[in-house]
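*Asks:* So the chains spell out like this:
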Amino acid sequence: MIAEAGLAALWLAAAMALLQLACAGLGLRLKQDELVAAVRPVAIVQGVLAALSFGLLILLFLQSDMSVLLVAQNSHSAKPWLYKFAGAWGNHEGSMLLWVTVLALAGAAIAVLEHKLDRATLTATLGAQAFIALGFYAFLVIASSPFTRLDPPALDGMGLNPLLQDPGLAFHPPTLYFGYVGLSIAFSFAVGAMVTREVGPVFARAMRPWILGAWVFLTLGITAGSYWAYYELGWGGWWFWDPVENASLMPWLAATALLHSVNVLAARDGLRAWTLMLAVVAFSMSMLGTFLVRSGILTSVHAFAVDPTRGSFILVLLAIYIGGALALYGARVGRVKAGQGFDLLSREGGLVLNNLLLSVILGIVLIGTLYPIVAQAMGQQLSVGPPFFNKTTGPIALLLVAAMSAGPLLRWRRDEANALLQRVTVPIAAALLAMAAMFAAAPGTGWMEIAGLGLAAGLTIASFAPLWKRNLLRTPLFTWGMVVAHFGVAVSLAGMAADSAFTSERLVAARYGQPYYVGPWRVVLNGVAPVMGDNWSAVEGRVTATRGEGSTPLLLTPQRRFYSSPPTDTAEASIRTRADGQLYAVLGAQDAEGRWQLRLWWKPFVTLIWFGGALIALGGALSLIGRVFRERRNTKRREDAE
Amino acid sequence: MSLLLSLVLAAGAPADFGYVQIPDAAKEAQAAELMAELRCLVCQGQSIHDSDVDMAADMRRIVRQKIAAGEQPQAVRAWLVERYGSYVTYDPPFSWTTAPLWLAPLLLLGAGLWLARGTLKRRRK
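These protein sequence lines map, in sequence, to chains D and V.
First residue of the first sequence: 1, per the UniProt record's numbering; consecutive thereafter.
First residue of the second sequence: 1, per the UniProt record's numbering; consecutive thereafter.
The hints are all genuine.
Now the stretches of chain V that chain D is said to cover, found in silico as 3 or more residues with beta-carbon under 8 Å:
#1 17–27
#2 35–41
#3 48–56
#4 78–89
#5 104–114
As a list, the in silico DSS-like pairs of lysine-lysine whose alpha-carbon atoms are at most 30 Å apart:
#6 D:Lys-391 - V:Lys-27
#7 V:Lys-66 - D:Lys-391
#8 D:Lys-636 - D:Lys-116
#9 V:Lys-66 - V:Lys-27
#10 D:Lys-31 - D:Lys-116
Part of the chain V face toward chain D, derived, beta carbon under 8 Å:
#11 Ala-32
#12 Gly-45
#13 Pro-92
#14 Thr-97
#15 Thr-98
#16 Leu-101
No lab work stands behind these hints: they were computed from the structure.
Don't be surprised by glycine CBs; every beta carbon is placed ideally from N, CA and C.
Turn these sequences into a full structure, and let the hints steer you where they fit.
*Replies:* As structure tokens, then:
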């Protein structure tokens, strides 16, 4: 019954989306107020129904209902409840249902919360949101229904991929999807504004909190995903430039550019067309990412697609939505009035540079990710990976960090070069000093690492400069948000550069009791013992690490786990965090002479990467809260005045 | 392919270079840099430096053996590309096919500057 109820809720949600689109479209065209008034409540009902459908799927997984095909294929009754719960979206159908649910909830959130936007634009926005949702509902019920029954029911399920059996699964995909799909709001706002031609500061101020919200989730999701990959894959890497990672990075890059350009639109009424374009691009990148990941077009070495029907279905949706939005843009952009003018050397100019560099990085990542497909079409198999992306995006990202140090110190409209130079003297000095110190201390370090650490030092100081000589209590929260987020970039960059420059790696065939050295650590494998988990058994290494004479030894317990359903073995890294870095140990197989493969890394300041990511998200959250409160107060003041 | 690998491996080595480093730190650094840019052919998008799969270990063994024997990383890469095609390296060599890829950053930067310049000029009027 539950599966049928879930499917019914899904169909009803789809029907609501259709109704929402019809009400919005006809209401606006025929100027029927009753129809327009119906759009908000219908959007809310759609959100509730989609959430209900998703909730019922989770219930099926929690109950281990093996008469449902999806549960039987991806779950197992002996799994801990957390992985039954999170396993609901650890597969294609479930994750697509989560995707659509977030899309519907985003629409409902606009319907409930958005009061600044004029009625016509809001209606068009909700219509666009429903139009997107319709395509993905169709995709779900036609090509990937999560509620298909299995007759006769399976005795038990086939289990979940052990690599996914991690608390990260409960947190990472939903966060990322809130970000990905949250960008649909910006897309729908842009479409709505293009339909009604209301593009200006009011529109920008209405759109800004939604962009910030999606961006915060996206930042958190990427940061968490990076840390998850770092400890789960067991080779000490934290970013692999894998297509799936790039798929999450591209919307983030577009959203970052968008949330800067929208400030120009809100504050100075400039960059109108460009901001609309970015809003379209940002969500297009989300959909493209979904297509790349779901179709398997890039990760699979042998086949064109994991499931060609699914891949081509999403490709068609992609063409309709992106093509449609771009066509609308082409038709309407000429009539969007040009915004306010400004000087090259101004805050606006700085933000244009930010947008330029972010867009170039986005373009490189996009081309690099898709190029293997293009090359294959030209009859050549090739791979594009870390060396390409590091060489090409690295220098531009460093340039961006340099620009970012100066940007917030520029005045709106017009600024003087000499005045700017005065303001950035200290950060530049700090950057040069840090580079010189690095060069002296570690002469063999690559130029990118040296530049990275130097710029991180400069940005650290520059990011706090906007607070200089200000009353900190009366500084608006969104200024604090900018300061914290920019500081977070400096922290993260320092972590990346330090990890790349100073990591020590030690791979040994370890004998019991014999010392091995990695970085400042002396590491000993004392023994190996069997341990049991809920649905796995393991051998666990007992490793002690000491740093200098007489220090308390650290215990590390890397495991080699054997999962029975599906039968897989995985390596569980053991990581110990110190103030100045992480010690990372992985246990491998035993060789014929009884020695164990032991992989050891000492990664100085690597934690800064994710700590910085969390700071960036925190900065976004502070900005969001600050903006919302400021708008509330302004509205209240206006009402009091009237 | 596995036959070819096992022939190479039959030469045998005192340490299993698939999982153990070259004692000479400078040579290991060369090998590590090369391994990080070589694709594990049976994995889903991982370098041989980051993979648990047996074939990745086999390829690491080949790379470390060759580097330990004094070969230059460039020569080892060329040797592998000759056997497995340019698919094996994540650093696609510059050619007619990859020219658009490698020139893309410059073209994008140029196009972006041109666009921004046009915008700024128009705004100044």
